[in-house]
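Asker: Chains as they are written, first to last, in the numbering used here: chain A, 1 to 332; chain B, 1 to 334.
Hints listed in this document are in silico derivations from the structure and should not be mistaken for laboratory results.
Backbone N, C-alpha and C fix where the C-beta goes; we use that ideal spot for every residue, glycine too.
Facing chain B, from chain A, some residues (calculated, C-beta under 7 Å):
| # | residue |
| --- | --- |
| 1 | Val145 |
| 2 | Asn151 |
| 3 | Gln311 |
| 4 | Ile312 |
| 5 | Gly315 |
Residue-level listing of the chains:
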Amino acid sequence: MTVAETTPEARTSWFRPSAWVKVFRERPIIPLLVILVLLVILSEIIRPGIVSLNWAGVMVRTAIPLAILAACQTMTMLTGGIDLSVAAIASMSGFVVATLVNGPGLWVGIAVALAAAAVAGLINGIGVGVFRVHPLIMTLGMSLVVLGLANVWQLEMVQTGAGVPDLFRRLGAGMVEGIVPYSLVVFIPVAAWVLITLNRTGYGRLLYAIGDNPVASRLAGVKAWQVLIVLYVISAVLAGIAGFLYSGLTNVASVTLVDTSLLPSVAAAVIGGTSILGGRGGYGGTIIGALILTVISSLLTSLGYPEALRQILFGAMIVFVAAAYARVTGET
Amino acid sequence: MSAAVSTSARASAGWSTSLVSALRRSGWTISLLGILAVLLLITKAIQPTFGASGIQGLAISVMPLALASVAQAVVVIARGIDLSVGSMMALTSVVSAALMEGRSETAAIGIVLGVLLLGLLLGAVNGTLIVVTRVPDIVVTLAMLFVWAGCALLVMETPGGASAQWLRSLTSGPLLSSWIPKAAVVMLLIVAVIWLPIRRSRLGLSLYAIGSEPLAAFRSGISVGRTKIFAYMLTGLFSAFGGLSLTATTGIATPVPGPYTLMSVAAVVLGGVSLSGGRGGVFGPIVAVVILSLLRTIMTFLNVNTNLATVVQGFILVGVVMVGSLIQLRRSRR
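Chain A with its partners taken away, still in its complex shape (with noise of 0.2 Å):
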């Protein structure tokens, strides 16, 4: 930046911690892309030979369905939210398709599942925005209301029957040639939408806005109540989406089909750098987290190790890398 750091004194600075501590804050995609690739190598050490491409497209098949969830808690965290209902709005889209498929159609599921989505997404942005219900709370109440009436949806199409739409299973779980996996045709899109939103419109700037300092915001004219509102029917809408993909990945159609990633998605997200007091972070650090978690699980997995060691290290890696964070950043 300066003259100052051409000098040779500059140059060693790298080996200082501070010089370490700028990066982590400034850029803290970079730090996560080096764990990533240690974990990557990590992985080739302990068990030779499973690092191939067709292991690393079944990696990102795995890590995209969890990177769109995350985006939901990445966009609500950057206000000092939190939306705990995206696993029960997700499972619930994906079966209400599979509910639908034979009947009416494949189109009129999804559009039918979208708009449910939707239409919980709104209550949640209403109650957000309006109501200043904490966003824990009702999305919480949210996800009860969602969970129960996907199982009333349930005993009513017990007779119907339910599968899991082709599409779906293509989009899912497919992969060309056994490398690069279909879902990227969804989440391509998603995630430049989601990163352009946040880096570079006005809305995106709002988020942060409103995340950073209610007050300032308010006094500088935002409508906290419409961003909110807005916000959380995208989140759900992400949900639903992710949704259809997770149901497609697993082949199952059930009502709680997603709930297991619920927290997975909110440490993506924390891994990520976003801080859940809002007003810092981004979608590109979440989608390394995605991916740091998907390598992490399925390691542990390969090694035989048991369900409860992966939770436990999860829980562990989320609390270590929450508090470098606030230690770099120095926020409380």
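Since chain A is already given, all that's left is putting chain B on it; use the hints.
Answerer: Quick look at chain B alone, frame taken from chain A:
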């Protein structure tokens, strides 16, 4: 934010206003008790056979969740939140059941005490991590939710274990009159014996102080960090009681956490504890838990689909919180 400001303003206004707010606090619990009474009458009207045995069943089914909501209430009062309550209950439950299997009745006394200590320890770990790392409570306890649940799975992979006979008899059957379930008496005793002395002590006051305004509490000489760790230890202790009650009421233990964390947050909010801290008590949440499960009972009697009952519970949770925050908004604008 606004709630905290209004609370601190009220605290500085003196004794008379704090008396009013105390009345308002118990006012919430009293009106909950009124709702409970009405619901009991409705239950009786719908199902004339609902009597002493119905109350017994209700008390036994309510006990673990009531203890979980007390655990949650303590930490929410201190402006925290503990998402690992359900996992801590699962862990303490499997540890107690695994140790008690095949052991004598007297050994079980030591095991129960050990499990309670374990609860304090788990809470201390949660609290210390939050205070030392300065990571938000939600993130840390969310992570510990994984950790404790994983530990529970390491202890026991499938439901199993056993419970000592005396522990089981503590929660089943009536006491004195057939209308007074032992489970309810034991639960209230546990909460009263632990909470009431603390509530009256300096520590209890500190809990409320760091909940309503941490900065003011710090400036008046309270060690905010230590008090917070203490709050999480209490939460761990009550979660351990909850875990023991799971073992005692079912006779076995399940390593998978039940829905207790989410329901405890719901009960705490319904029970009049402000999520922004510093306001409420532990008895409101207990009444709220009873109301929630009584609603479920009523809907079962009415042959309402149990899933719709879940929907109704969700709507009640959201509705009450909305009304609650509207009231708070009004207050802060004044």
